[in-house]
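Protein chains in written order, with this note's numbering: chain A, 1 to 140; chain B, 1 to 140; chain C, 1 to 140; chain D, 1 to 140; chain E, 1 to 140; chain F, 1 to 140.
What the hints contain is simulated information worked out from the structure, not anything from laboratory work.
Among the hints, a few may not be true.
No copy labels: a pair is met if it fits in one copy or bridges any two.
Simulated pairs of lysine-lysine, DSSO-like, Cα-Cα distance not exceeding 30 Å [what the hints assert, rightly or not]:
no.	residue 1	residue 2
1	Lys22	Lys73
2	Lys75	Lys116
3	Lys22	Lys79
4	Lys27	Lys70
5	Lys2	Lys93
6	Lys95	Lys79
7	Lys120	Lys50
8	Lys2	Lys120
9	Lys27	Lys66
10	Lys52	Lys79
11	Lys27	Lys73
12	Lys22	Lys95
13	Lys75	Lys95
14	Lys2	Lys95
15	Lys75	Lys27
16	Lys27	Lys120
17	Lys120	Lys66
18	Lys52	Lys27
Protein chains: 6
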Amino acid sequence: MKEVTIIRRERFSSAHKLWNPKWSEEKNNSTFGGCSNPNWHGHNYELIVKVKGEIDPETGFVMNLKDLSKILKSKVIDKLDHKNLNLDVDFLKDKNTTTEVVAVSIWEEIEEDIEKKGAKLVSVKINETENNSVEYFGEN
Amino acid sequence: MKEVTIIRRERFSSAHKLWNPKWSEEKNNSTFGGCSNPNWHGHNYELIVKVKGEIDPETGFVMNLKDLSKILKSKVIDKLDHKNLNLDVDFLKDKNTTTEVVAVSIWEEIEEDIEKKGAKLVSVKINETENNSVEYFGEN
Amino acid sequence: MKEVTIIRRERFSSAHKLWNPKWSEEKNNSTFGGCSNPNWHGHNYELIVKVKGEIDPETGFVMNLKDLSKILKSKVIDKLDHKNLNLDVDFLKDKNTTTEVVAVSIWEEIEEDIEKKGAKLVSVKINETENNSVEYFGEN
Amino acid sequence: MKEVTIIRRERFSSAHKLWNPKWSEEKNNSTFGGCSNPNWHGHNYELIVKVKGEIDPETGFVMNLKDLSKILKSKVIDKLDHKNLNLDVDFLKDKNTTTEVVAVSIWEEIEEDIEKKGAKLVSVKINETENNSVEYFGEN
Amino acid sequence: MKEVTIIRRERFSSAHKLWNPKWSEEKNNSTFGGCSNPNWHGHNYELIVKVKGEIDPETGFVMNLKDLSKILKSKVIDKLDHKNLNLDVDFLKDKNTTTEVVAVSIWEEIEEDIEKKGAKLVSVKINETENNSVEYFGEN
Amino acid sequence: MKEVTIIRRERFSSAHKLWNPKWSEEKNNSTFGGCSNPNWHGHNYELIVKVKGEIDPETGFVMNLKDLSKILKSKVIDKLDHKNLNLDVDFLKDKNTTTEVVAVSIWEEIEEDIEKKGAKLVSVKINETENNSVEYFGEN
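So here's chain A without its partners, still in its complex pose:
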């Protein structure tokens, strides 16, 4: 079977902090360092989503990248861009917004919409800085 992976990059700029509400301020600071600054900090996040499927012989597409982009925009970017990940995002409420947690949460938000288009979600990657990234491939 000739399955091909298509890849779309989107970007969002958000504030956040790392914080475990069950812990003391001291423990939060020693664990999360500058990332626990109470007044927040922020990033230009890159979101890279991989989707797999067979090529449609009519279009030559696995899935129209514009459709993938629309799903990512409505389900992720519109909710996260120029927002506070800890305070403003319904699907991150009460979560500690590490890049790991954000990646898994985004997977859960978009998987169904991508399957409806007849394709399989392969991975959700987030670049938080040019040195730090996370990639999630779903449950195995």
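Put chains B, C, D, E and F on the given structure of chain A with help from the hints.
Showing chains B, C, D, E and F alone in chain A's frame:
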């Protein structure tokens, strides 16, 4: 077994359009949007090829990257760079030049030459723009 | 006077060829090489526009980058993106579409709109490939 | 005179919002769009500082880039990185944190230290996103 | 099981040459080209390490990226950065410093420390230039 | 006068060290740090050359970028790439190979050839790492 993957990036600048000749102009436009512009458009494509094998104890190489580059240049870059993908390329004749189709077609052009060098082709990735990419891992 | 420069990047993907209609095919080929391919080739162009002015004490802006982006989109990107620079663009008609000529032509298209916003156009830069660029600073 | 420019890039990840306290919420929103989100947003900022001087014949340096980096770290990065530009930074207090204002303010913080090293500050550039930047060359 | 991959990039700038001491100078030159220059050459290497594990519900981390960075700095970067790979590095002694060999050697240096942190090493990737890279996924 | 600047990027990978032969080893180490490692280190250098002139109405070029590239290749890249800057390069003999010194020396090597083509050399920029760069604009 200690297999290592080596990766080579090449670049080509080409014109193309997305077009299904069995369809009306209207359907082509609604499906492919600006990509169906009759006078063509173009891209700086990046081609990223991964090849796998064991390290030769004499050279420390899986395969000399210069040999991989030569295969990519003679079989792909010389044929696609500063060309029209739809009109000028023998192995894309009568194909709809989506990035998916181009990636699969390049795989078919280079696989044999790489195997002759004693290595295995792992994947062919094409970055069409900084946001849109495709990767093909062969039939499974 | 505290003048500050603001910088906006936009992108467009276009087909073109280099061709002097007064010359023979032979002379075109020997001068322009692969860039004179009759069936066109193309690029992902980057457009980088610099604009200068004093900071408005009310907004903290020299000029809202969204307004600069709108000018660039309506005057340049909408006309060039997914088009053929030689055939589809009103302000490049009958011009040889070298990056130099495109940069000067874009300057002439946008200068007035930027001055209407109370700012000065500093430069128009175009990256044609990752190795080849052109920058125009206006007449001196 | 053989003056040479040396260039150092540093990075900081901060939260901020654009807000004029003299304006209504409505006017802030219509002017600054998503950038006025009350719960903040954030960026991976790049700071690019250019410094000019003659080459010291003993060292071959205009100025040791490690010394320039130390000035930038102590005067800028330590104060801005993983902080809220509006709330946590002494030299941005009560300012509207547009990239223009941040660039001018950084210039004022570092100019003296660089002159003490016998070099001249040429410019302070900030990349807020991959598309939006600001550069300040001092008063003219 | 919800395993997530975390990715850290580090950089080192080193001199090296490709050389098989059992071969004649002629054979070294014809095999390795400019890479066998007796007076060495060098690169800005990028090291990209992927590590996998389950998310700790207390921290939201697979592993604190600062701990991963510390392992990479003490076991790799401190030993390779601003050094000669052939002469100065204990774990590369008497090896031919192809990127393949360096990647496998780095894997062997760091695997144990990462397992002690409760995570699994997934891959070691080295970018030698912007066009040439190698990735090692361990023995299979 | 409508002068336009054209810009060409080339790359070279070289070994070097920073060393003042008149100084003790101790002073060299304290001044140059890791850059004085006796067994050398190295970089992937980027060379970015800007050249200015009027557009030739016949070609649409300031100067054919292929001609600029040829000058840079024969006068600079062929001599520096996969070489030791301190030992192998005629025009760097007995110089301390700081990026400042290399940039000025490259200017002197290429200025005449560019003027012969009817254009003016504007600047020579060298990126030594992604954070450290130098630019030289000639004597003023």
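Here is what the structure says about each hint:
| no. | hint | result |
| --- | --- | --- |
| 1 | Lys22 <-> Lys73 | neither (33 Å within a copy, 32 Å between copies) |
| 2 | Lys75 <-> Lys116 | within (14 Å within a copy, 38 Å between copies) |
| 3 | Lys22 <-> Lys79 | both (26 Å within a copy, 28 Å between copies) |
| 4 | Lys27 <-> Lys70 | between (41 Å within a copy, 20 Å between copies) |
| 5 | Lys2 <-> Lys93 | between (40 Å within a copy, 20 Å between copies) |
| 6 | Lys95 <-> Lys79 | both (15 Å within a copy, 28 Å between copies) |
| 7 | Lys120 <-> Lys50 | both (9 Å within a copy, 23 Å between copies) |
| 8 | Lys2 <-> Lys120 | both (14 Å within a copy, 17 Å between copies) |
| 9 | Lys27 <-> Lys66 | between (45 Å within a copy, 16 Å between copies) |
| 10 | Lys52 <-> Lys79 | both (25 Å within a copy, 28 Å between copies) |
| 11 | Lys27 <-> Lys73 | between (36 Å within a copy, 25 Å between copies) |
| 12 | Lys22 <-> Lys95 | within (12 Å within a copy, 35 Å between copies) |
| 13 | Lys75 <-> Lys95 | within (18 Å within a copy, 34 Å between copies) |
| 14 | Lys2 <-> Lys95 | between (39 Å within a copy, 16 Å between copies) |
| 15 | Lys75 <-> Lys27 | between (34 Å within a copy, 28 Å between copies) |
| 16 | Lys27 <-> Lys120 | between (40 Å within a copy, 26 Å between copies) |
| 17 | Lys120 <-> Lys66 | within (16 Å within a copy, 33 Å between copies) |
| 18 | Lys52 <-> Lys27 | between (42 Å within a copy, 25 Å between copies) |
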